[in-house]
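Enquirer: All chains, please: the whole structure from these sequences, using the hints.
Each protein sequence line maps, in turn, to chains A and B. If you read the first sequence in numbering that gives the first Met the number 0, its first letter stands for residue 0, the second for the next number, and so on. If you read the second sequence in numbering that gives the first Met the number 0, its first letter stands for residue 0, the second for the next number, and so on.
Calculated from the structure, these hints are not laboratory results. Don't take every hint at face value.
[Said to hold, decoys possible] Pair ranges (Cβ atoms, derived): (1) B:Ser31 with A:Phe92: 26 to 32 angstroms; (2) A:Pro46 with B:Ser325: 46 to 52 angstroms; (3) A:Gly21 with B:Arg69: 50 to 56 angstroms.
Since the model is a prediction, treat every value here as computed from it, not as a measurement. Here a beta-carbon is modelled for each residue, glycine too, at the ideal position from N, C-alpha and C.
Number of protein chains: 2
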Amino acid sequence: MAQTVAEQVGVRRSPVEAYLDGLLARHAGDDSGEVAAYIPELADVDPSLFGICLATVDGARYEAGDSGARFTIQSMSKPLTYGLALERAGEEFVRSRVGVEPSGDPFNEISLHPVTGAPVNPMINAGAITCAGVLVDAVGDPLGSLLETYSLYAGRRLEIDDAVYRSEGETGHRNRAIAHLLRSVDVVSRPEAALDLYFRQCSVAVDCRDLATIAATLANGGVNPRTGLRAVREDVVREILSVMATCGMYNGAGEWLMSVGLPAKSGVSGGVIGVLPGRLGIGVFSPRLDEQGNSVRGVAVCRDLSHDLMLHLIRAGERAAPPVRSLHTVAERQSKRVRSGRQQAAIAAAAMRTAVFELQGELGFVAAEAVSRALVERPEPVELVVIDLRRIVRTDRGGLHFLPALVSYLHSHGGELAFSGNELELEFDAAAAGVRMFDELDTALEWCEDELLARAGAAAYVTSVAPAQHQLLAGLTAAELDRLLPALEPRHARPGAVLVRAGDSAEELFLVVAGRLSVYAPGLGRRGRRLATLSAGMTFGEVAFVERGARSADVFADSEIDCLRLPYSLLDRLATDDPVLHGKLLRNILGVVVASLRQANAETAQLSR
Amino acid sequence: MAQTVAEQVGVRRSPVEAYLDGLLARHAGDDSGEVAAYIPELADVDPSLFGICLATVDGARYEAGDSGARFTIQSMSKPLTYGLALERAGEEFVRSRVGVEPSGDPFNEISLHPVTGAPVNPMINAGAITCAGVLVDAVGDPLGSLLETYSLYAGRRLEIDDAVYRSEGETGHRNRAIAHLLRSVDVVSRPEAALDLYFRQCSVAVDCRDLATIAATLANGGVNPRTGLRAVREDVVREILSVMATCGMYNGAGEWLMSVGLPAKSGVSGGVIGVLPGRLGIGVFSPRLDEQGNSVRGVAVCRDLSHDLMLHLIRAGERAAPPVRSLHTVAERQSKRVRSGRQQAAIAAAAMRTAVFELQGELGFVAAEAVSRALVERPEPVELVVIDLRRIVRTDRGGLHFLPALVSYLHSHGGELAFSGNELELEFDAAAAGVRMFDELDTALEWCEDELLARAGAAAYVTSVAPAQHQLLAGLTAAELDRLLPALEPRHARPGAVLVRAGDSAEELFLVVAGRLSVYAPGLGRRGRRLATLSAGMTFGEVAFVERGARSADVFADSEIDCLRLPYSLLDRLATDDPVLHGKLLRNILGVVVASLRQANAETAQLSR
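Expert: Here is the structure:
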């Protein structure tokens with residue numbers, strides 16, 4: 000990997016890392032609490048270890064302190080196993096065996112439902128052993144599946160710390176009692192196998208980076224932000240995080256949700272994971288525990304992060320960027336088809352019947368509602384709607400739900416809908432719903448303009464002009480035309496033919512007298528960015544006339560076309576041979592360039608609104 | 000108000016309203032449950048009434064069914080009074096008298112803390128009476144304050160239904176017992192006054208629209224989205240919604256959070272409010288209650304809304320639009336100062352040392368982290384950073400926190416930061432931190448380019464040129480210059496002078512030979528949108544030469560300037576009097592326009608990336 004700026008200039012820490020360093024310093028002096036001592040492997044840890052790691056849903060990771068120190072995952076495994084059980088055995092089955100209510104009790108309280116005997120939630124030991132038992136029954140290779148899943152969360156191959164596993168097994172009398180109690184009420188069928196899996200899952204070795212990555216995977220809807228691999232289904236993530244929000248930290252569910260507001264889980268090894276859904280994951284490690292069994296500094300760091308960075312789950316004042324990035328009519332946002340003045344006027348006159356939405360972020364309810372509202376509130380019925388989805392990174396049923404209703408709404412007054420730029424699986428049959436799909440916004444805009452012209456009874460373009468009527472020959476006398484026209488070489492081309500290729504030496508202007516052609520940014524042929532579509536009466540090559548050198552774009556015939564070629568050398572000669580004619584031609588060329596400039600300036604003004 | 004499209008074309012319901020109609024139809028057949036009957040006013044309600052209203056944080060409101068039917072607010076008043084108590088008596092005081100833990104008990108259970116005797120949360124009657132008692136002690140006119148606050152939430156003057164109030168007072172034996180019990184443990188000091196206020200608050204008359212607006216006010220951080228008036232502080236909203244999330248619906252806190260995931264509160268009159276923070280508020284009314292005292296259809300509607308529209312509080316997969324709307328260098332995003340070719344080249348050569356961020360939405364941690372990361376990951380140190388805040392609608396400490404660190408980070412390698420377009424109170428002393436502030440992105444870009452040129456040892460612009468060296472006179476022979484120059488009228492202007500005003504008849508080209516001038520979109524003088532700044536050697540009036548007619552922009556002298564005026568009439572005469580000279584001038588004009596077109600096309604391509 001290339002050196003970063005920080006490394007080059009000797010500034011070692013980014014502003015975010017500098018913040019984490021400060022956070023570490025703020026709490027490093029707190030040596031209250033005691034390390035867990037029920038097995039020697041936990042008791043022997045250096046109690047001063049302290050690491051913080053923060054990982055975002057788009058793959059960044061920031062660390063401070065002992066973020067590489069190893070410890071065992073312990074109870075932070077519980078949300079992961081709960082998710083795996085939900086995936087493999089189904090929500091209904093799991094919910095019949097373990098509840099989702101906070102107990103308010105310490106982690107090792109038994110907390111079974113007074114009637115059913117089921118553990119009240121999967122974050123206490125009884126609930127976690129039940130989940131392990133569900134896996135033992137439902138999965139062929141429960142340990143293999145579990146390790147594979149944990150590894151997907153962490154983005155690396157995780158392994159069991161055998162010494163810890165053996166100690167846990169030897170000293171876990173209370174957990175053994177719980178397992179057999181669960182067997183007695185038929186919540187767990189094979190208590191010893193469930194216990195063994197539970198002891199193994201608690202003994203998986205991790206570091207702070209792993210914790211933050213696991214948390215970020217949950218924050219990211221189940222997909223590891225660094226590997227792009229899915230560790231758990233998104234609907235299951237919601238259940239995991241809901242339970243973590245109320246049951247993860249043993250203390251009062253209401254107090255944690257109010258004061259920290261992060262779904263979280265602690266482990267007796269001194270780790271804490273915290274999740275801000277859709278944003279980031281936090282991993283903290285510091286072995287000294289408070290009376291509830293939570294890392295003292297881990298809890299303090301979560302509190303401060305939530306407060307300093309405003310990471311609370313409930314952020315009523317939050318204002319994300321709006322889903323509608325821009326909203327225009329086709330008078331303001333035009334296609335690259337160059338229109339004659341008359342067609343421009345016809346489009347402008349009817350433009351209020353069009354709406355061009357560029358959406359960004361997520362196509363969910365908020366976006367659907369914004370589009371729907373903008374259409375309903377317009378003073379005249381909107382007949383042609385283009386929704387550009389190029390910047391949509393995700394759709395959900397909250398948005399897709401409204402597409403059929405939106406189409407019906409438009410159809411009810413003769414309106415039509417088109418999408419452009421979509422690259423996602425839509426889970427919406429656009430064709431069946433009568434919605435047009437375009438690869439590019441540009442072509443959708445062209446459709447919209449053409450439809451508007453058709454509805455106004457106007458042609459979309461001029462199909463042919465007499466050479467003498469061409470824009471570049473305006474104002475010439477009959478005698479001048481007689482002199483010039485024989486010098487212009489006709490060029491015919493079939494649809495799809497290449498008229499000009501980027502890099503070719505530029506030697507002439509083309510006067511289009513019949514058909515249509517399109518200009519594309521070089522390199523990708525007709526899949527490239529369209530720069531212009533021209534029809535009869537229009538000109539190209541006027542920029543290269545000034546700049547000379549090589550062509551900067553590819554030009555393709557869209558139909559059978561007829562052009563007249565006006566060599567630059569001829570124009571240059573006319574400057575001395577027939578300066579009056581030369582002056583007329585230059586004025587006409589100037590007129591073409593000024594019209595393009597007007598158009599480009601209007602587009603710039605709209606785009607930077 | 001003007002007719003909406005829907006009214007004009009006879010489509011009565013928007014897609015969102017159509018969805019609510021469907022939701023109403025889906026549940027209207029469910030007549031399970033019983034209306035509350037403990038006072039005649041509640042027992043006498045039409046049990047088939049059913050209304051739904053949804054209000055967004057940006058002021059839209061959608062209704063279906065009996066959304067105008069009146070009922071009393073009952074326990075839905077509890078979150079509002081809790082918030083008022085927190086504001087008036089302080090969090091610490093209130094928290095010493097009422098907890099925040101879910102009880103899992105029905106609304107009329109007493110649920111006091113076993114040690115302190117304090118009610119476990121403010122959503123049960125004991126907690127709500129305690130809050131009323133806090134107001135009675137802390138506020139001069141508790142009823143007046145309460146009604147005023149409730150009215151701010153609803154956006155209209157709310158009033159008490161006296162008949163209900165009298166009945167509540169006559170039959171509220173259990174609540175009276177609770178109040179005196181609270182007196183016995185010193186949680187409430189004046190039980191009768193507290194009770195009276197509590198009965199009155201429960202008797203405030205509302206409809207579904209009010210409920211949705213109240214909920215939307217909470218969703219909007221405490222500001223009523225329709226009136227823009229604040230009903231409650233934003234930090235208090237977080238506490239209200241946290242408690243509603245776990246304690247609002249009497250049933251299991253974990254189950255509600257998992258399956259519906261909306262902070263909510265029900266009332267015995269049959270109303271339910273639900274809040275999706277930052278998004279929307281829901282109000283439902285249907286009088287039949289389930290065994291827990293929640294509206295049967297109200298709960299069902301909340302569940303369906305959450306599921307259908309993906310309104311769950313925990314949305315890990317959610318992808319809001321990114322806070323960085325665009326990121327460019329100054330080679331890609333240039334100011335409106337027109338640069339000479341040489342200066343363009345110097346800017347382009349050093350452009351990778353610049354970063355221009357256009358942010359959108361909220362300047363919080365996510366935005367700050369994205370900016371910080373983009374700078375740290377650049378392959379060379381970024382020396383000049385512009386952050387455009389024009390589209391930032393809100394800042395919070397999660398973002399502001401990082402500004403000093405960002406400045407330090409940049410200063411450590413000689414970098415500088417500028418903001419543009421900010422219209423918010425920043426709570427960050429930019430001047431003290433050495434951050435430049437510009438009104439417009441355009442002027443910030445110009446600063447950035449000028450700094451880059453200065454660091455490269457290049458002049459920002461050409462201060463003067465000999466007339467013969469002017470771009471428009473390139474290629475003219477000495478004889479031609481001798482003929483032409485005397486015909487060009489010199490024009491001198493002082494800084495700030497108006498050279499051209501939009502609407503003036505356009506009659507000449509201006510050749511700038513000394514100083515600088517700027518072109519602005521018409522109407523606002525120098526506060527308008529800058530279209531260009533030109534310096535010596537440049538030209539203006541070339542577009543109007545082609546189009547004729549009136550000037551389309553205002554032009555002001557930025558410094559002492561000297562121009563030469565080339566009348567269009569002279570150019571026109573030259574076409575016949577001296578066509579060779581005419582041709583040369585036209586080619587030069589064409590060169591100026593083509594350069595502008597190139598620039599505009601590059602800007603368009605960048606902006607629409």
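Enquirer: All the hints need checking, so say for each whether the structure fits it.
Expert: Taking the hints in turn, this is what the structure says about them:
1. In this structure, B:Ser31 and A:Phe92 meet the distance hint of 26 to 32 angstroms, their C-beta atoms being roughly 27 angstroms apart.
2. Range check, A:Pro46 to B:Ser325: Cβ separation about 49 angstroms, and the 46 to 52 angstroms hint holds.
3. Between A:Gly21 and B:Arg69, the C-beta spacing of about 55 angstroms keeps the proposed range 50 to 56 angstroms intact.
The structure is consistent with each of the numbered hints, conforming to all of them.
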